[in-house]
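Going line by line, the protein sequences match chains A and B.
Numbered according to my numbering, the first sequence spans residues 1 to 437.
Numbered according to my numbering, the second sequence spans residues 438 to 673.
Worth flagging that the hints you see were computed from the coordinates, not collected in a lab.
Wrong hints could be hidden among the right ones.
[Claimed, not checked] Derived DEER-like restraints, expressed as beta-carbon distance ranges: (1) B/K659 with A/R357: 34 to 42 Å; (2) A/D332 with B/G600: 18 to 26 Å; (3) A/G229 with B/E503: 30 to 38 Å; (4) A/A39 with B/E514: 44 to 52 Å; (5) B/E467 with A/R262: 32 to 40 Å.
[Said to hold, decoys possible] With a cut-off of at most 25 Å between alpha-carbon atoms, the simulated DMTMM-like pairs for lysine to aspartate or glutamate come out as follows: (6) B/K659 with A/E29; (7) B/K659 with A/D405; (8) B/K529 with A/D329; (9) B/K659 with A/D399; (10) A/K295 with B/E633; (11) A/K414 with B/D495; (12) A/K257 with A/E227; (13) B/K541 with A/E307; (14) B/K529 with A/D62; (15) B/K529 with A/D302; (16) B/K529 with A/E252; (17) A/K295 with B/D488; (18) A/K295 with B/E513; (19) B/K541 with B/E642; (20) B/K541 with A/E282; (21) B/K541 with A/D332; (22) A/K257 with A/D332; (23) B/K644 with A/D329; (24) B/K644 with A/E29; (25) A/K414 with B/E513; (26) B/K659 with B/E642; (27) B/K541 with A/D358; (28) A/K234 with A/E307; (29) B/K644 with A/E282; (30) B/K659 with A/D390; (31) B/K626 with A/D332; (32) B/K529 with B/E514; (33) B/K529 with A/D335.
As the structure is a prediction and not an experimental result, all values here were calculated from the model.
By construction, the Cβ of each residue, glycine as well, lies at the ideal position given by its N, Cα and C atoms.
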Amino acid sequence: MDDKVQAFYTIIKLTVAIVLFSHTLPHRERLGLRISFVAVGAALVSFAGFSSGFTMYPPLTDFSSYLIGILSFLVVLSLMLVGQLTIYRNSLLCSLFCCSMAYSLENFSSEVERCVAMIFQFPSYPPPIVLGSLRYWLVSSVIFLVGYSVLIRRIEKSGLRQIDDPAMVLALVLAIMVNMVFDLIVKELGVSDIAVHYVVLLNVVYLSLCVFIMYAEFEIVYNRRLEIGIAAEKELREAQTRQYDLTLSNIEAINAKCHAIRHRIYQLEEGSEIVSSDELAELAQEISIYDTKIKTGNDALDVVIAERGLVCEQWGIVLACIADGSALDFVDSPDLQPLVGGILGAATAVVRGIESRDARRISLHVGANMGMTSVHVECPCAHQFDLGDDPVGSESSRDLRAAIDRYEGILSSKVVDGTYHLNVLLPRPHGRGLKLD
Amino acid sequence: MYRVLLVEDEEHAATVLSDCVMRYAESRGEDLRVSWIRSALEFSAESHPADIIFMDIDLPGINGMEAAELLRTYDEETPLVFVTNLAQYAVKGYEVDALDFIVKPVRYNDLVMTLDRVLRRLRRTRGRTTAVQTHDGVRVVSLSDIVYVEALNHNLAFHLVDGSELVSRATLSGLEEGLESSSFLRVSKSCIVNLEHIRLISGDELKLTGGDSVWVSRSRRKVVLSTVADFLGGSI
């Protein structure tokens, strides 16, 4: 086939391969516009390249021609990266992974097609364009189908977004560069007068390299998933321990309160026969703490606030909350404990530093506005408190930060005039945002 | 001067609260004038102009929550603080856009934080104006009427809440320095937005009062979201 047709086909195959690897990733906004932009950009770059005599496979005459060949591959890889990042919302590392895998798959399919061409040669060379194209696309389709079933679906299950190891991805980019060199050599030798068994040997090595690169990249994702699984399990165990401590602390608080109430009743029994209304009111006030069921419209949030309320009670902290539970309806119930519980825990840690028990107060506000959910806490802090002591920056608030990250939220904290402010903003999922009129 | 209205049926509770408010005013150098009415019925039937309302929930007749619902039918702005011993109702305060609540018996320290928050809200844009030098002369514009300002060809276009537009020859950074209001935020190289007029945040786009949309630049996104978080939380 003509070099330009070959290059055109390669671009189409690369595009298809990138889409196959990336299609489960979230798109960016204004998708149509972005696709048009990438398509027009790719067309312009291709046109400029072809009209200026650019070829993806320059004749290899000396060292500089190898360099130009590799550079041209790198340019193509970079343009693929830009295109992928323009359309899909993912990290650079994830994009690099998708593009390098797509590049390897495309190379592999091209190489298989070349091997098929060596075995089943057309009577004339170059072959007629229709027949040549037919064979090319037939082989490519089969390889892509096999690649999708064997490799891509497994990678999708492992989760593309978990790719966050720069060292491994960069090592693979280096492997890709070696692959590029091989690609150039194999193609060059394919049209030279070298003995056939050398060409076959090189093709076998090259095919193996392509398979190895794809396998190694898959292993990275798979192992990463295992690592994340182990870390999640560890985190779960730690969370269970913390929950156990909290429950234990609540039981102790309730027991202490009950003990105090029982003691009071004994005192009343031993005292005068007539119990004054003040004493009864005092007793009722003691008990009312447990009658006060918080109803925010979100059962999980009610539990979290009630639990934290008991902890606050232990420390003599007044917890005042105005909370629209429905504003957090998109947050999974298990995430509310590290999120709201974590925020209140951080505030509790700050307020505990205040000597005067009368000044211990935490104010919690939860509401939806501007299509976002806002969780706000403010409380007084000791004069010597500065942001270096900020509990949300400490190891104990790791769960809180992880929960905020999970919902792509943002956390800000500051101290203004002796008051500690902690604000969390969570974007509400598409279609559930509130529009204010 | 801010007018503080207490809606409280118990004289003793009202006195305690009033004393706390006056103590706060004295310690912070604020000019606060306190008035007191006994029932929500009186509150809804008579006109009691106020900048801040402290409302007891457990009132005879119409309770505080019902009175607040009535208030919000004609006044969405006045900061409302519940004073209650029924905390479970106060949680529902978001339904009437209550700013905070204080549990009885009121302690001075509880009130300090609440009043700080209320005054922060009142001061965001209250009564502030800016002078805009247009081609026809100087126009004085209330800051709360400005939806957003964008830079266009060495000019600034002030988009106002009534849909009109004022064009002034000035720079965005110069305006930014002169605004001195926590409600205004630079969202991109060429645009400043009044946080009060953001209606929806969708990805990198802000939809504003009047239907206009502006884009948040990638480099400013984190600062914008962080400031919006502080704004919605009432920290600024």
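**Message:** For a quick check of understanding: which of the numbered hints are violated here, in increasing order?
**Reply:** Going through the list in order, the structure violates hints 2, 3, 5, 10, 11, 12, 14, 16, 17, 19, 21, 22, 25, 29, 31 and respects the others.
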